[in-house]
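Below, each chain spelled out in residue letters.
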Amino acid sequence: MYNMPDEKGHFGPYGGIFVAETLMPAITELNVAYQRYMKDPEFLAELDEDLKHYVGRPSPLYHAERWSKELGGAQIYLKREDLNHTGAHKVNNTVGQALLAKRMGKTRIIAETGAGQHGVATATVAARLGLECVVYMGAVDVERQSLNVYRMKLLGATVIPVESGSRTLKDALNEAMRDWVTNIDDTFYIIGTVAGPHPYPAMVRDFQTIIGREAKQQCQEMTGRLPDALVACVGGGSNAIGLFHPFIDDSSVKIFGVEAAGDGIETGRHSAPLCAGRPGVLHGNRTYLMSDDDGEIIETHSISAGLDYPGVGPEHSWLKDIGRVDYVNITDNEALEGFHALTKLEGIIPALESSHAMAYVMKLAPTMNSSETIIVNLSGRGDKDMHTMAEREGIKI
Amino acid sequence: MSRLKNRFEELAKSGRKALIPFITAGDPNPDFTVPMLHALVESGADVIELGVPFSDPMADGPVIQRASERALEHHMGLSKVLKLVAEFRKTDQLTPVVLMGYLNPIEIMGYEAFANAAQRAEVDGVLTVDLPPEEAEECVALLKARDISPIFLLAPNSPPERIRKMDAVGSGYLYYVSLKGVTGAGHLDTEDVKRKLLEIRENSNLPIGVGFGVKDAETAKTLSAIADGVVVGSAFIRKIEENLDNPENAKAEIIALTKSMRQAMDS
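So the sequences go chain by chain: A and B.
Oh and the first sequence: position 202 is 206 in our numbering, straight run, nothing missing.
Oh and the second sequence: position 220 is 337 in our numbering, straight run, nothing missing.
Keep in mind that the hints were calculated from the coordinates and are not lab data.
Virtual Cβ for every residue (Gly too), placed ideally from N, Cα, C.
Mixed in with the good hints there might be a few duds.
Simulated coverage check for chain A against chain B, where a stretch passes if three residues somewhere in it have a Cβ under 8 Å from a Cβ of chain B [to be verified]: (1) 22-29; (2) 163-175; (3) 180-187; (4) 278-284; (5) 290-299.
Only pairs whose alpha carbons sit at most 25 Å apart, straight line, appear in this in silico BS3-like list of lysine-lysine [unchecked claim]: (6) 368/B x 207/B; (7) 282/B x 12/A; (8) 43/A x 106/A; (9) 348/A x 400/A; (10) 106/A x 297/B; (11) 332/B x 282/B.
Sequences are here, hints too, so could you generate the full structure?
Below is the structure:
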């Protein structure tokens, strides 16, 4: 049976703890708390209650009949994480980590964000628990996701635009790490994806696997069997691992992780470390990265801020190496086709991140027959992307 | 015997403390670095910490981040930094040089290739900020086999068992990070540092260098009373940043600051 990581946080050669010494005691403290509370029935019951009544779980599994018919192949089922409170899967994790922060007696929450979904989900739970909240966001992302910046501010968070480096998600992560090092005693760092030093990749995964556990049960109920394929977009990879993980031992289920190819892998302007990168160490873990021959991190590109990251969760690196998951890629233009298809045919506007998964389904479904099923993770809704879309299509709003 | 060990033994014999300047290789341009290193030695530096520029310096404050960015505009990657060390060695066989940076450039070069290249360039120590001892076994073994010291950081919140661990895997000296924060940050409380150094000494016989937040001659003097070495980084790099249009000015100001620190530490 698949059982990763080991007690040191390793997924094969990946993962681990690669941080400056000042962070080590905090990471040890977090790991002890995580090990303890993930087995604590009272903690788990409180988490379940919050997921049910605050987040709105379970999220539906929706049979996209019209889209399936149009593509003329497999039956497509959407896991509707877009219907969660705050509009994406991110809240599954922030609710869990915030409960943990409260148990640990931390009074201040920090987070990094790319598209702003994780920032909003963090500001939301911080508001609910009355905790101070500071969100770091690359200055480029602050501009292209201004709606989410405003949401975070309404929720009482301080949003700090990060002007260093490429001024995107990776730089926001650097800055959050610097804050954490400086304010280690009272601060809990809620990382939004399955990356960072151990225990984050395992912990965030454990909070996100609710997606896959529900989907498995719902699929059984609706079709009487397991799905034939799973599809999810991969930036850091938290929505993907959340869907994939409960199916890893089900060898009949094909699994596809979709990276952002930006302008195209061959142009070098992309965010696809699993498809076109190499292993290295960044942000506390060893994983596939986009770095040059000197080991400097390369600037990434994607139309979706949430996928615009040069690394990926270490468990995905392992799942790639052992061949359990196929990592594929979708360009900006293809993602836009996915965006429009779902919007027009099903009346559901997906986030640009999730649109990458939709675009891959458009390639995959026609190669399968109509008795087969695909579950695709609709990880977030597209409201936040209206400005980006309008600008791209030359429309003023 | 290694240059680092020699240097700390000589200093201990003469009752002096090590002045350890840090500058980022290639900042503000590649031609600046080697002459600057020689000038630092002439002005009283005992050990050199040479920063390997990295695109994502997570443990550094804004001053050293910008130094990295300036150096990377000149593509000053790890292999070029090693060339600078080799050049420095042509005329200075005595001063230990410690590379300080992040793990990814070493990972991409490959541990063994890096250890060999560092040996050829006559590097004396390697301090990798994001490589704690738990993950360092392979790298440490390769370095030690070539008589290069792996140097580890200790923080204000490092418990005694961690100090013993660093003592066991590290060599050359231990680098005590004097505050919870990034390089160049806030003010440092010398009483706190004093207490922690006593605890470190109970658990290790390695020399202790103290850094992060040493801004002036006075702080350097206070610390040299309790530590074996004082590391100064951001204060020097600020001089470079203030004189980007005139690097020779920066050099003169760094020399003056080094001399004032040396004098204060020896008085």
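Legend entry - Proposed proximity, residue 207/B with residue 368/B (alpha carbon, max 25 Å): holds, 21 Å
Legend entry - Check of the region 22-29 of chain A against chain B for coverage (Cβ-Cβ below 8 Å, three residues minimum): Result for this restraint: holds, n = 7.
Legend entry - Given coverage of the region 180-187 of chain A by chain B, checked by CB-CB distance under 8 Å (3 or more): holds (count 5)
Legend entry - chain B over the region 290-299 of chain A, status - at least 3 residues with CB closer than 8 Å: holds (count 7)
Inset, instruction - Measure nothing beyond the straight line between the CA atoms of residue 282/B and residue 12/A; if it is 25 Å or shorter, mark the hint as holding. - result: Cα-Cα ~17 Å, so holds.
Legend entry - residue 106/A paired with residue 297/B [C-alpha distance capped at 25 Å]: holds, 23 Å
Inset, instruction - Given the hint that residue 43/A pairs with residue 106/A, test it: the Cα-Cα distance must not exceed 25 Å. - result: OK: residue 43/A and residue 106/A at ~17 Å, within 25 Å.
Inset, instruction - Establish whether the coverage given for the region 278-284 of chain A by chain B is satisfied; the threshold is a Cβ-Cβ distance below 8 Å, and no fewer than three residues must meet it. - result: That given contact holds, which follows from 3 residues of the region 278-284 of chain A lying within Cβ reach (below 8 Å) of chain B.
Legend entry - Distance restraint between residue 332/B and residue 282/B, which requires alpha-carbon spacing of 25 Å or less: violated, 30 Å
Legend entry - Agreement of residue 348/A and residue 400/A with the hint, judged by alpha carbon distance not exceeding 25 Å: holds, 21 Å
Inset, instruction - Between the region 163-175 of chain A and chain B, see if three or more residues pass the 8 Å beta-carbon test, and mark the coverage as holds or violated. - result: Held - the region 163-175 of chain A has 4 residues with a Cβ nearer than 8 Å to chain B, which meets the minimum of three.
Hint check: a violation occurs at hint 11 only; the rest are consistent with the structure.
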